[in-house]
Amino acid sequence: MTAADEVEVVAEGQAVEAVPKRAMTLGAGTSLTVLALLLIVPLFAKNFIIFQMTMLLIYGLAVLALNILTGGSGQFSLGQSAFYAVGAYTSAILMEQYDVNYALTLPVAGLLCFGAGFLFGQPALRLSGVYLALATFALATAMPQLLKLGYFEKWTGGVQGLVVTKPDAPFGLPISQDMWLYYFTLVITIAIYIFSVNLLRSRSGRAFMAIRDNEIAASAMGVDVALYKTLAFGVSAGITGVAGGLGAIAVQFVAPDSYTINFAIALFLGMVVGGVGWLPGSIVGSAFIIFVPNISESISKGLSGAVFGVLLFMVIFLVPHGARQVAIVSQQLIAKYRKR
Amino acid sequence: MELFTNQILAGISTGAIYACMALAVVMIYQAIDHLNFAQGEMAMFSTFISWQFMQWGVPYWGAFLLTIAFSFAAGIAIERALFRPLAKAPILTQVAGFIALFSIINSSAGLIWDFTIKQYPTPFGSAPFLGSQLISTHQAGMIGVTILLLIALYIFFQYTRVGLAMRAAASLPESARLVGINTSWMIALGWGMAAGIGAIAGILIAPVVFLEPNMMGGVLIYGFAAAVLGGLTSPFGAVVGGFLVGVVENLAGTYIPGVGNELKLPIALALIVTVLVVKPAGLFGRPIVKRV
Chain U
1 MTAADEVEVV AEGQAVEAVP KRAMTLGAGT SLTVLALLLI VPLFAKNFII
51 FQMTMLLIYG LAVLALNILT GGSGQFSLGQ SAFYAVGAYT SAILMEQYDV
101 NYALTLPVAG LLCFGAGFLF GQPALRLSGV YLALATFALA TAMPQLLKLG
151 YFEKWTGGVQ GLVVTKPDAP FGLPISQDMW LYYFTLVITI AIYIFSVNLL
201 RSRSGRAFMA IRDNEIAASA MGVDVALYKT LAFGVSAGIT GVAGGLGAIA
251 VQFVAPDSYT INFAIALFLG MVVGGVGWLP GSIVGSAFII FVPNISESIS
301 KGLSGAVFGV LLFMVIFLVP HGARQVAIVS QQLIAKYRKR
Chain D
341 MELFTNQILA GISTGAIYAC MALAVVMIYQ AIDHLNFAQG EMAMFSTFIS
391 WQFMQWGVPY WGAFLLTIAF SFAAGIAIER ALFRPLAKAP ILTQVAGFIA
441 LFSIINSSAG LIWDFTIKQY PTPFGSAPFL GSQLISTHQA GMIGVTILLL
491 IALYIFFQYT RVGLAMRAAA SLPESARLVG INTSWMIALG WGMAAGIGAI
541 AGILIAPVVF LEPNMMGGVL IYGFAAAVLG GLTSPFGAVV GGFLVGVVEN
591 LAGTYIPGVG NELKLPIALA LIVTVLVVKP AGLFGRPIVK RV
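Here the protein sequences line up with chains U and D, keeping their order. Numbering-wise (my numbering), the first sequence opens with residue 1 and increments by one. Numbering-wise (my numbering), the second sequence opens with residue 341 and increments by one.
Hints may contain errors.
Unchecked claim - One side of the interface only, derived from the structure: several residues of chain U facing chain D at Cβ under 10 Å:
| no. | residue |
| --- | --- |
| 1 | 131 |
| 2 | 135 |
| 3 | 143 |
| 4 | 276 |
| 5 | 300 |
Derived by calculation from the structure, the hints in this document are not laboratory data. We put the beta carbon where it would ideally sit given N, CA and C, even for glycine.
One chain only, chain U, in its complex shape (with noise of 0.2 Å):
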């Protein structure tokens, strides 16, 4: 419509809202309360409900870790099921292949990921906004077909997949298969949390949030933001593997198709309804991605889609900062009530 060398100027919205740091976590109290019930809750509970609340965690953390992505560095991703991919494959195979012992293979597994993090953000520097969320959008769409090639099939099982066995309880401890995963995926959950907390209140955390609020003014003020842009990728791709790794063991199955584009989209959403750049809600994303289509699809069958939309919808009208708007809301009122 105009010429080509014609120069758009444009001030830019924010893609991301600013979070002050203090905002970032739950208080000691809050933080003791939700701990105690998640070392509580899984003794009264049958097998299955001890393997849903794994899995809560398992994508509680990788929604943790594209909060630290997005909310702590202002970044885009529709890729994440690519890392997950990754993990889990990188854990199965171990396992399945080498006879490593399960617990070795999440470290493996986060380093492999963090090192393919820290690859892809190299090209993604050069873009942001649509264009990366595009970019990521390419590699999620990309892996399972790179997972189905021939080359890799001796490793990987092809279309078929590979099946993982489920770790028993050591030591002879009397608990389930189930609920001694469990407590293993809550301990190194405990573990990542703690970590990516301290991780932004730390001088790279800082820079992240510089990066996130104002690019310019932050490589202005001595921000090496090429650097900590790919580290923020890095370490988000790092924490999603560990929990697909964790997912593999959890599952006992992994196969190309479980890791498409709908899983990626699956924690974007789990993101945006645990509030962005709110590390705690998470968990509360987590719920939103696993629980709500079961929800939607028992209100009606062939409706769920829409139901689930609908449901979203809600969510984002009524509280569009997600969780976190509900946390800081309750905690007014909690104030309030103690005043009196």
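Dock chain D against the given chain U, drawing on the hints supplied.
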């Protein structure tokens, strides 16, 4: 050499599909500065509407026009009801809104018309075009309609008051408001036009990919790719990008060993990522300079 020309022809004919879709993508991007992830589903729904009209005995071109009018109105209605209130929300929230819309439209279409694959008629016939087996008269017709649409859009944006107002509202909303342009309605109009173009794309694509609620999944990805390749700010670029993606996809499938049919999509996408990294504004887009 003959294989090469044949593959290029085949690429152009699939490229026409992507070009149509890319045009709709660019339309909405011009109006709202976002990619609409529900665009494909909106087009699919419009196509079903036109199919329904034909089932009720409306002739093809009648159904065609009725559907465009319906889609135009529906696009405006969706903008007014769902996305107008979100205009100030963060981009991430809006993207979640698009995904919700996607899910709602897809599932309702499945409920109303169910998920079985339906034949869709073509007004151009499906005989070989000019004696070539690779490109049918329908595909030639599709290329023709896409080019007509492009010309119509060019005239609209370049020579009409409303077109000028839309361009003004998209590039400098505040100044546009100062000279009396109702920018909020210009956005709604953009949605309506994008929905209309999407409907045309859907109707043209349906005879090739058949009619079903998931028919647009792959097409939309290529449409995005094409739009980005050509430059999101340029309708002309979008059409060229569409043809290029079609051709590259076909050539890669034929000439790069080990690619075959399965890896066509990743290869096309990899190419696009490469183009983006080298020239982020796309082939025909305007470079965007950020104000500090």
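Quick rundown of the hints versus the structure:
1. 131: holds (6 Å)
2. 135: holds (5 Å)
3. 143: holds (9 Å)
4. 276: The hint holds - residue 276/U has a Cβ within 10 Å of chain D, the shortest such distance being about 6 Å.
5. 300: holds (9 Å)
The structure shown violates none of the earlier numbered hints.
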